[in-house]
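If you read the sequences in order, they're chains A and B. Per full-length UniProt numbering, the first sequence runs over residues 1 to 229. Per full-length UniProt numbering, the second sequence runs over residues 1 to 310.
Each statement offered as a hint is correct.
Simulated crosslink set (DSBU-like; lysine-lysine; CA at most 30 Å straight-line):
1. Lys64/A x Lys211/A
2. Lys138/B x Lys201/B
3. Lys212/A x Lys64/A
4. Lys64/A x Lys205/A
5. Lys225/A x Lys212/A
6. Lys138/B x Lys91/A
7. Lys67/B x Lys138/B
8. Lys201/B x Lys233/B
9. Lys104/A x Lys138/B
10. Lys91/A x Lys2/A
11. Lys67/B x Lys104/A
12. Lys138/B x Lys233/B
13. Lys104/A x Lys233/B
14. Lys211/A x Lys225/A
15. Lys91/A x Lys104/A
16. Lys67/B x Lys91/A
17. Lys104/A x Lys2/A
18. Lys233/B x Lys91/A
19. Lys42/A x Lys233/B
20. Lys2/A x Lys138/B
21. Lys67/B x Lys233/B
Which residues of chain A face chain B? A partial, calculated answer using Cβ under 7 Å:
22. Arg51
23. Thr54
24. Tyr55
25. Gly58
26. Thr82
27. Cys84
28. Lys104
29. Cys108
30. Leu110
31. Ala114
Computed Cβ-Cβ distance ranges for the label pairs, DEER-style:
32. Asp77/A x Gly46/B: 38 to 48 Å
33. Arg39/B x Asp77/A: 48 to 58 Å
34. Pro188/A x Tyr92/B: 43 to 53 Å
Hints are computed from structural coordinates only; laboratory data are not their basis. In this text, a Cβ means the ideal position worked out from N, Cα and C, and glycines have one as well.
For reference, the chains in residue letters:
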Amino acid sequence: MKLGLVIDLDTCVGCHACATACKQWNTSGTIGPLADVEPYGKQPSGTWLNRIRTYEVGDTPASKTVHMPMSCLHCEDAACVTVCPTGASYKRDEDGIVLVDQDKCMGCNLCAWACPYGARELDAEQGTMKKCTLCIDRIYDEHLPAAERQPACVITCPTHSRLFGDFDDPDSTVSQVTRARGGRDLMPELGYRPTNKYLPPRSGKAVAAVKKNSLLTSVKDWVNKVISR
Amino acid sequence: MNPAFSVLMFTVASGAGYGLMSLLVLAQLLGLAPPAGGRNLWMPAGVALGLITLGLCASTLHLANPKNAWRAFACFRTSWLSREGVLAVLYYPAAMVYLGGFWVSGTVTPWVTASGLATVFLGLATLFCTGMIYASLKTIPQWHLPLTPVNYLLLGLMSGAVLLLALVGDTWSAVRLPYLCLLLIGVAALAKLAYFIRIGKPSGSSIQTATTFTRARVRLLDQGHTADGFLNKEFIFNLDTGHLVGLRSLAVVLAFIAPSTFIGLFARTGQDAFTVVAVASMLAGLLLERWLFFAEARHVVRLYHGDQTV
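Make a model of the complete structure from these sequences and hints.
So, in structure tokens, the structure goes:
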């Protein structure tokens with residue numbers, strides 16, 4: 001199995017619900033708690049496993065606002081695992097999920113340095129590295145109804161911009177949608193072969209720009225307006 | 001990258017220690033040094049091991065969870081950081097057998113030769129591993145270069161040579177230490193200048209490849225949080241480009257030009273004070289050089305935070 005996410009950049013509205021649901025679930029999950037620093041102070045910060053950034057793509061008037069949620073991409077060639085000196089970071093053979101064993105991590109930050117996607121954050125209070133677990137404590141939990149055995153971010157997304165599934169199965173939703181929509185890798189040139197795929201925005205109809213009328217049409221419009229009164 | 005002072009201390013101090021010990025042992029084994037004695041073996045060896053130990057202790061200060069530091073020896077088959085740790089620990093028994101062999105026999109026995117070669121190999125291999133920790137990171141184009149481990153090795157040997165000169169003076173007849181110092185400073189300076197030129201080239205990653213929008217301009221509108229988080233603090237360190245030339249020049253002057261000038265003056269006048277000044281200037285220069293090595297390194301995660309290139 002090769003478990004991962006598909007993220008649809010066409011429909012994501014940047015509401016941060018995925019990040020909030022992720023924090024809520026994982027702060028009391030297997031790697032929790034996810035510490036906050038000054039949560040009610042002037043400079044609140046903390047450990048988050050999901051970050052959503054917003055970009056403007058293209059130039060006005062043909063520009064587009066794109067929201068880009070990012071969590072661990074569970075790379076096939078995960079350098080974070082290779083560089084880890086303690087063996088705390090590992091990639092599971094059975095499903096490709098990359099995890100950090102909180103009991104082994106010594107907080108040297110080298111895995112965060114090796115990650116191009118900013119997916120790993122050092123927990124300021126525990127001194128260990130935290131990252132997306134793909135909600136491993138949800139997806140295999142047989143006490144949950146089958147429909148809920150998905151990562152918290154996927155269940156909560158109000159626009160269904162996140163899909164979870166097995167990329168090794170060519171008939172899974174994630175494989176099909178990746179093929180159909182041309183799912184892309186982030187920074188493919190580094191060769192990390194990330195599992196998570198990003199679907200490009202659909203090319204919709206261009207919004208009509210304001211037209212400048214000729215003198216004749218302006219007069220006609222004015223006459224029509226006067227007559228209709 | 002945000003420079004961590006403990007890592008700067010570690011790499012400069014242990015680099016000088018490994019360089020000093022390697023040159024000392026090589027000189028003894030090749031018969032270039034006078035018969036081993038207080039000033040020619042125990043004192044420089046003590047300083048070298050002291051510097052190495054000081055550096056290794058400093059290196060643990062940047063760990064956020066040091067109680068698990070002992071686990072760092074686990075993954076030496078894959079991790080350069082683990083290899084560095086394993087070699088650094090193996091170094092001590094090798095150096096102890098070497099020094100103990102001299103203590104017992106007073107001359108070069110097969111045991112001393114074998115352990116001496118092991119000491120030299122382990123010391124230089126540890127320095128190489130330190131360089132490879134940085135050079136192996138594809139995420140930082142300014143580090144992912146063959147020049148990175150070359151610089152670490154050459155700067156370690158260079159600082160070791162200058163320290164050796166300051167400790168034993170120009171008393172060795174078989175090898176003139178001032179000239180050895182000048183040679184190593186020259187080679188190390190050339191490699192560092194080559195590094196400065198090399199990192200001027202832009203890398204292949206950009207905000208376009210990072211966001212998949214390779215056919216349009218991309219600008220960051222919002223990073224998604226108001227206060228700086230771990231990523232901002234660790235990876236986003238902005239060096240004022242106006243100061244860059246000045247800082248680089250200062251590093252080159254302090255680390256290479258001033259020490260070679262003082263060593264030249266020492267060779268001419270024989271005043272020991274010049275070598276002490278040379279060591280002080282060189283260590284300050286190397287600390288600045290190491291600070292720049294971090295400050296100039298631009299991690300690709302900066303692309304997600306709005307940088308167009310790294």
